[in-house]
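Here is how the chains run, residue by residue.
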Amino acid sequence: MVIKVLGSGCKNCSNLEENVKKALTELSMQADVVKVTDFADIARYNALKTPALVIDEKLVSFGKVNDVNEIKSFLA
Amino acid sequence: MFQLIADTLVYDWMALNASEHWVEALHFFIYDSLKIGFLVIFVISFMGVVNSYFPVDKVRDFLTNKKLYGLEHLLASGFGAITPFCSCSSIPLFIGFLKGGIPLGVTLSFLITSPLVNEVAVVLFLGIFGIKITIIYAVAGILVGAVVGFALSKLGLEEHLEEWVKDQLKEKFRQAAIKDSRSFKQRIPEIKADAISTFKRIMPYVIGGVAIGGLMHGFIPAGYFEQYMGKGNYFAVPISVLLAIPMYSSASGVIPVIQSLVAKGIPIGTAMAFMMAVVGLSLPEALLLKRVMKLKLVAIYFGAVGISIVVLGYVFNFIL
Numbered sequence: 005m006v007i008k009v010l011g012s013g014c015k016n017c018s019n020l021e022e023n024v025k026k027a028l029t030e031l032s033m034q035a036d037v038v039k040v041t042d043f044a045d046i047a048r049y050n051a052l053k054t055p056a057l058v059i060d061e062k063l064v065s066f067g068k069v070n071d072v073n074e075i076k077s078f079l080a
Numbered sequence: 068m069f070q071l072i073a074d075t076l077v078y079d080w081m082a083l084n085a086s087e088h089w090v091e092a093l094h095f096f097i098y099d100s101l102k103i104g105f106l107v108i109f110v111i112s113f114m115g116v117v118n119s120y121f122p123v124d125k126v127r128d129f130l131t132n133k134k135l136y137g138l139e140h141l142l143a144s145g146f147g148a149i150t151p152f153c154s155c156s157s158i159p160l161f162i163g164f165l166k167g168g169i170p171l172g173v174t175l176s177f178l179i180t181s182p183l184v185n186e187v188a189v190v191l192f193l194g195i196f197g198i199k200i201t202i203i204y205a206v207a208g209i210l211v212g213a214v215v216g217f218a219l220s221k222l223g224l225e226e227h228l229e230e231w232v233k234d235q236l237k238e239k240f241r242q243a244a245i246k247d248s249r250s251f252k253q254r255i256p257e258i259k260a261d262a263i264s265t266f267k268r269i270m271p272y273v274i275g276g277v278a279i280g281g282l283m284h285g286f287i288p289a290g291y292f293e294q295y296m297g298k299g300n301y302f303a304v305p306i307s308v309l310l311a312i313p314m315y316s317s318a319s320g321v322i323p324v325i326q327s328l329v330a331k332g333i334p335i336g337t338a339m340a341f342m343m344a345v346v347g348l349s350l351p352e353a354l355l356l357k358r359v360m361k362l363k364l365v366a367i368y369f370g371a372v373g374i375s376i377v378v379l380g381y382v383f384n385f386i387l
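Line by line, the protein sequences give chains A and B. Position one of the first sequence corresponds to residue 5 (the numbering used here), numbered consecutively onward. Position one of the second sequence corresponds to residue 68 (the numbering used here), numbered consecutively onward.
Keep in mind that the hints were calculated from the coordinates and are not lab data. All values reported here derive from a predicted model rather than from experimental measurement.
Some chain A residues judged to face chain B by a derived CB distance under 8 Å, without partners named:
1. CYS14
2. LYS15
3. ASN16
4. ASN19
5. PHE43
6. ALA44
7. ILE46
8. ALA47
9. ARG48
10. ASN50
11. LEU52
12. THR54
13. LYS68
Note that CB positions come from ideal geometry on N, CA and C, so glycine has one too.
Full structure from sequences and hints, please.
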């Protein structure tokens, strides 16, 4: 599984990345967490606002920092 | 209130003589830093809340489905004014709008106004020039976006988008609605994180700008610049627009300096044109746009915005 955190490196993007990692630990799952900071790449996923979350090339959320529980529901 | 704090601090506690230049400069510095700092905190928090609830996808769908005889440019431009400007979101929004089927001209109206009328510029204007000038500035900025976007829509510029953007547009657009049903309380941490980082980023420039402004306020005689850059000098507007282009990174420091320049004789129209050019025509933004547009379109875009700003500067010098 590949999880991408889209965003330019702002505080909220790194918060989202941390939550993703926590969710993975709590579910004892393994996944590659990739940061996508390039605007062109962010645009490719149709994310209108950052931070955004892409799981296996599918945009699941944008414009918010998802909490750990919500990320777990995306991963389940 | 801020006047009172500054008075007490400078004249009572420090017991300084109000007639000395450097005391006047110090008083100005304390008063303006307090007032602007307070306003910045208030406005960026408020805009953070607005932004958190603002349904960008709904706006996109609305603009896609409506044919409003040119009025859609005004709507897109107004939308650009209320979205917080951040270069990190303007390019994804630009592509997102185009992919959603919004015409290039309408999307450009959005893109032009987004930096031109942004929350930081507005709050600084409010703190420094007062409500009337701020409203005139905001309305003028929205009109520039609407008019330039409308004019550019007539030129058929789609072919000047970068190839990868054109490829993206060929793809069928589909996206399931993503709902955000969080409560206000749940949103607070990320609104706070955003507001704090904006505050930290701009305050050093604001303080620096106010300090320079304070020195000019205290030491340069009133009307000093009138002889060089007064209304009689017709080149003053275009020159100040050109001077503004490299100043983007320090936009929040420039406005307090402008205030002192206006107090010392620079006409308000020239000052406003300069301000608009500082935030609206920046090299970092040009580089960003170059990622999605070919050089020719970037040049047309900047040329058109620059010319409208110069025209506005003359108009304001004439009417204000």
